[in-house]
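Residues per chain, in single letters:
There are 4 protein chains.
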Amino acid sequence: MNSVRIGSVGLGRLGIRHAENIAGKIEGASLTALCDVDPAKLEEAARRLGVSRRFTSFDEMIRCDEVDAVVIVSPSALHTGQIAAALAAGKHVFSEKPLGVTAAECGEAEKAVQAHPDLVFMLGFMRRFDESYRYAHDKVAAGVIGKPVLFRSNSQDPEKFIDGAIAFAPQSGGQFLDMAVHDIDLARWFTGSEPESVYAIGGCYAHPEFARYQDGDNVSCLLKFKNGAMVFLFAGRTAPHGYNVETEIIGTKGTLRIASVPQKNMVEILDSHGVRRECSENFLERFETAYVNEVREFVDCIVTGRRPEVTVHDGTRVSEIAYVCKSAFEQGKLLFF
Amino acid sequence: MNSVRIGSVGLGRLGIRHAENIAGKIEGASLTALCDVDPAKLEEAARRLGVSRRFTSFDEMIRCDEVDAVVIVSPSALHTGQIAAALAAGKHVFSEKPLGVTAAECGEAEKAVQAHPDLVFMLGFMRRFDESYRYAHDKVAAGVIGKPVLFRSNSQDPEKFIDGAIAFAPQSGGQFLDMAVHDIDLARWFTGSEPESVYAIGGCYAHPEFARYQDGDNVSCLLKFKNGAMVFLFAGRTAPHGYNVETEIIGTKGTLRIASVPQKNMVEILDSHGVRRECSENFLERFETAYVNEVREFVDCIVTGRRPEVTVHDGTRVSEIAYVCKSAFEQGKLLFF
Amino acid sequence: MNSVRIGSVGLGRLGIRHAENIAGKIEGASLTALCDVDPAKLEEAARRLGVSRRFTSFDEMIRCDEVDAVVIVSPSALHTGQIAAALAAGKHVFSEKPLGVTAAECGEAEKAVQAHPDLVFMLGFMRRFDESYRYAHDKVAAGVIGKPVLFRSNSQDPEKFIDGAIAFAPQSGGQFLDMAVHDIDLARWFTGSEPESVYAIGGCYAHPEFARYQDGDNVSCLLKFKNGAMVFLFAGRTAPHGYNVETEIIGTKGTLRIASVPQKNMVEILDSHGVRRECSENFLERFETAYVNEVREFVDCIVTGRRPEVTVHDGTRVSEIAYVCKSAFEQGKLLFF
Amino acid sequence: MNSVRIGSVGLGRLGIRHAENIAGKIEGASLTALCDVDPAKLEEAARRLGVSRRFTSFDEMIRCDEVDAVVIVSPSALHTGQIAAALAAGKHVFSEKPLGVTAAECGEAEKAVQAHPDLVFMLGFMRRFDESYRYAHDKVAAGVIGKPVLFRSNSQDPEKFIDGAIAFAPQSGGQFLDMAVHDIDLARWFTGSEPESVYAIGGCYAHPEFARYQDGDNVSCLLKFKNGAMVFLFAGRTAPHGYNVETEIIGTKGTLRIASVPQKNMVEILDSHGVRRECSENFLERFETAYVNEVREFVDCIVTGRRPEVTVHDGTRVSEIAYVCKSAFEQGKLLFF
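Chains as they are written, first to last, in our numbering: chain A, 28 to 364; chain B, 28 to 364; chain C, 28 to 364; chain D, 28 to 364.
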């Protein structure tokens, strides 16, 4: 088969990264089209990456015959519509999370995917494609740590990006939907189970601005899963040390920790601050390889006809769960699924 | 002032350790009397440590004029009575936790202490006397990490002692009372606040034997504290790697972790298992110095007339909180304090 | 400019890896030809990677018009001749180390490169392209750790590959030439200086087989560099924990350590062996990204007309230094450069 | 037997520490006398520690009947004489290193010890009494890491004490005698062998003041030991991160590292400097427990009639070796033992 020809929509930070990866790092794929509402941004990226097909309209891009597959990195509110439209136009679809910004939207997206069983659809839960997470998952799946007892995940954004987080707060959906979805996906993936109950707390410890959206700058929740596993999730926006995502899975026979000491690379510094390692600056740095790997997987599924491991239903479930967490947080109640 | 003459009751593992410490490592104190119901154990320890006053009756020991202070390391069910009796006999009292095995008992102990304001009473929350915990607490108190956002603590007993834990289950009161009390004490100490609500879960993941006591082999709870701080506690009995107590305090300006990578000592081993550190075998190894330091503090309070930082009320509060956690776990409900 | 068309020679483990990288991970490059003396190996790799031009003769490959650049991963003894021939045929050349197996050969290679200033020549010192080494080098270059005091490097091969090492011993040139050349390159790169004296020791601690080649299974040397920096290198073949390359640069104002705790990935395991991290299995795993990056750099130099930072003279110098270390080891004397 | 009554001479930083330890932390010992040439210092310490016998003359102290044993923490130049005098007066002797400041002095000390086989003599190589070093030594002795291949040790003093180091330079004997003696002792202890050859280098990288004493601010040496083991020692005075002593023993079957990531305690800090641990401030902090343990061992040897593991000959050998290292450094030659 020839190279999979990809059109990518959305040229924010992550969109640019996806475009660069497709253009230069994904064997068997080529970046043939780019789409963004901002013509200047579009021109700059297209010229730099050698992409001739340039669109300010998504609908036009998906009508392009030289596009086999679409990568959606647009604002969340556009995801559902673009997923449905691209599939209807016969394109394979890779979409960044979330599937939709309401339960109804998630349902629509799920229907659209089911209506096109011949097309590959994949959702961007990139952590599953990080080598350390995958290595740990293989061990858990192989029974190395026995039965899962506690899944604990910690996702922190750096304090230095707080202004952006505040500006984005009206659309973010809150931390459970914006950040914790990745941890919810991991919890389901590692435990192989679904939540039964949740208690969620948190608050605005440093930045009262989030309160008006019924959100906090740091939140957490404790979930009981149907197989008995305990799940504790923490999400924060005020980490002084940088971007920090760490996960612990305690089993009856062993414990695995992924990135429990966050690290930018393998350099250790000994200076007047002690013995230290620097952290990754943001998700693009921490998950650099994962972002490449997930699109590789998408392309490989198209080429080989395999189904991606991450299904559209995973996307719906994760969103549903995040909504319940959010409600539990807002209501201060114990909620059941 | 002369040396503080101490009589110690209870010669289990920890009792022996306290006796050895008092006999050889505490400046300004001497071990003048020992008490245990088992005469053989008593003789062996007394001879080895050079203690001439030997009692199988606690009441007799506290009538001894050569005893200024009593260290109580007897079974939990005896604590309240011995505390009250020793104070009534005019002795300073250091007691291992818990103050009592019911709320009523805690109340009695508290009354007894209040009735003897001239005598020093101290409860053995030894973690507060561990150098790493103290160093971290000093930093938190100095505002180094800003406002506390999340206090998280993890207390694990080694799987290899599970038979002892099962045998002890009928009297232990369950993991919240037996193990998590130390974490509850730390949570109050680090946050300077009290709990408002709690949700607790867990189960018997490896050992169904705990179920008949409405306990689990691994449990956890999420508490909201009055100052807004989130508190997550995990306690387990099935750690294959050894005894493991770790604590994280996330603040608005920094995070502190105490023993987040458990370690027996400073030796790192590179062999066919990778690069590794061994863990402490049990609480006596991990908190070796803390057990010395806490009795030093007790003796110093007697000598200088200072009040110990840990009050009898701390003991009552910690027990009360542990009871509520236990109830939340048993009922599967969100409970409020 | 169009894609750089690369022909790669040698399909051993590293040769296969280079071929795969060029075929799928290097933007702006395409793998158009493969060469190996083993027709079966050649067919398998060429078919799998979709390469139509297949050669069992290097001389034929470099006459192919569809090849712009050659990547040399053949046995060391062939390097010099192939470098010279490829350059003479007008091809850009990337060669794995060493430049040659004698000082004379290195001189020939150097002359060949100098005779073709219009062609890009680059030697595969891949560690310089590892992200952690590069990060550390940037800091050293920026003066962050002050003046270099001690450069220390440790390169260990896993004991489990010892049979291969013994079989390869007659051709390897010994550990200083086979393994320590990478550390010598780093020492020059980090200190910006050249050696003045060397004392080298070691022996056959576990495997007497190396003695007949006047080599050891573990060796080390201490060098004084012209700028005063101390350089200590250790190379071993008997590491039970896996492949381990670590480097420390102590400066007057700080110390940097690269991979001082070897790690396969970010997963930490807590089990009956303690708290541990696994190591990389071999150089391909540890330097996976570096092998991609170095060929990217080679291609980028061709495309942009830049000169690679690693010069042919670096290759000669490193070999010369390794020879002196080897002589010092064989003679048990302090040698001067 | 009654408590061993100790008289301690020298009230510098380490002397004060020893006095405090003896007064309060050593079971079976009591501090009965103190000696220092500075009457004010003497009074302050004696009063604070409750010592009634106070001497400004060492000769008077050793005539005191209430002194069974002497601890020598006076300036190095006085050691030999005080050791001999105290033994002649029938006192057991614990002396801080070195035994003497010349080879002749070491010989005299050795003779004095041999002349009093009934008295306990012990030299203060405290690292052997550090729990991590002891744990590692036990493993090596048990053959856990196979045959020793490389012993590497790193001893660094903090840059912030450089003024003191410069002031002390005329008497220090240089870094090999002042600092590396501890590493030399460890090398002999861990390898069970003696050096055969040494090459030593270094210089004044930051502080030219040491040059006039033919010393450097950072030095290193590579030794070949008689059993074939390689030994690399590094000693420095300019560490910005604090006091740092680390040791690695590479064996044919495993590697042990002691304090390879220096740490003040078990607290990890995550802040704008990354993820970090602070270092110990000085040798008193790092080896706090070791200083207690070594005097406990001394007292226990007196009480039980055992011989200390560290012999007077160890002291002589270590000094001899340090002198050869120093000569090798000064002459820039390879020297043989």
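Calculated directly from the structure, the hints in this document are not laboratory data. Hints are supplied without guarantee of correctness; some may be wrong.
Which copy? The list can't say, so a pair holds if one copy fits it or any two copies do.
To be verified - Calculated cross-link-like contacts (lysine to any residue; reagent style SDA-like; alpha-carbon spacing at most 20 Å):
#1 Lys291 <-> Asn320
#2 Lys280 <-> Cys231
#3 Lys291 <-> Glu312
#4 Lys174 <-> Lys187
#5 Lys187 <-> Lys280
#6 Lys52 <-> Glu347
#7 Lys280 <-> Gly332
#8 Lys291 <-> Glu275
#9 Lys253 <-> His340
#10 Lys253 <-> Glu54
#11 Lys52 <-> Leu76
#12 Lys280 <-> Pro102
#13 Lys138 <-> His340
#14 Lys360 <-> Gly219
#15 Lys52 <-> Glu312
#16 Lys52 <-> Phe188
Hints versus structure:
Taking the shortest Cα distances, Lys291 and Asn320 sit within 20 Å of each other both inside one copy (19 Å) and across copies (18 Å). Within a single copy, Lys280 and Cys231 get their C-alpha atoms only as close as 38 Å, which misses the 20 Å cut-off; across copies the closest is 14 Å, which meets it. Taking the shortest Cα distances, Lys291 and Glu312 sit within 20 Å of each other both inside one copy (8 Å) and across copies (18 Å). In this homomeric assembly, Lys174 and Lys187 come within 20 Å of each other (Cα to Cα) only across copies, at 17 Å, whereas the closest approach inside a single copy is 39 Å.
For a Cα distance limit of 20 Å, the shortest separation of Lys187 from Lys280 across copies, 11 Å, qualifies, whereas the shortest one inside one copy, 39 Å, does not. In the homo-oligomer, the alpha carbons of Lys52 and Glu347 never lie at most 20 Å apart, since the shortest distance is 34 Å inside one protomer and 37 Å across protomers. When the C-alpha separation of Lys280 and Gly332 is checked against a cutoff of 20 Å, the pair qualifies neither within a copy, at 37 Å, nor between copies, at 48 Å. Taking CA atoms no more than 20 Å apart as the test, Lys291 paired with Glu275 passes in both settings, with 19 Å inside one copy and 17 Å between copies.
Taking the shortest Cα distances, Lys253 and His340 sit within 20 Å of each other inside one copy (18 Å), while across copies they are farther apart (39 Å). In this assembly of identical chains, the alpha carbons of Lys253 and Glu54 never lie at most 20 Å apart, being 40 Å within a copy and 47 Å across copies at closest. Taking CA atoms no more than 20 Å apart as the test, Lys52 paired with Leu76 passes in both settings, with 12 Å inside one copy and 15 Å between copies. Taking identical chains as interchangeable, the C-alpha atoms of Lys280 and Pro102 are never at most 20 Å apart, the minima being 43 Å within one chain and 31 Å between chains.
For a Cα distance limit of 20 Å, the shortest separation of Lys138 from His340 inside one copy, 10 Å, qualifies, whereas the shortest one across copies, 60 Å, does not. When the C-alpha separation of Lys360 and Gly219 is checked against a cutoff of 20 Å, the pair qualifies neither within a copy, at 26 Å, nor between copies, at 25 Å. Proximity of Lys52 to Glu312 under the C-alpha cut-off of 20 Å is found in both arrangements, the shortest distances being 16 Å within a copy and 18 Å between copies. In this homomeric assembly, Lys52 and Phe188 never come within 20 Å of each other (Cα to Cα): the closest approach is 28 Å inside a single copy and 32 Å across copies.
Consistency with the previously given hints fails for numbers 6, 7, 10, 12, 14, 16, ordered from lowest to highest.
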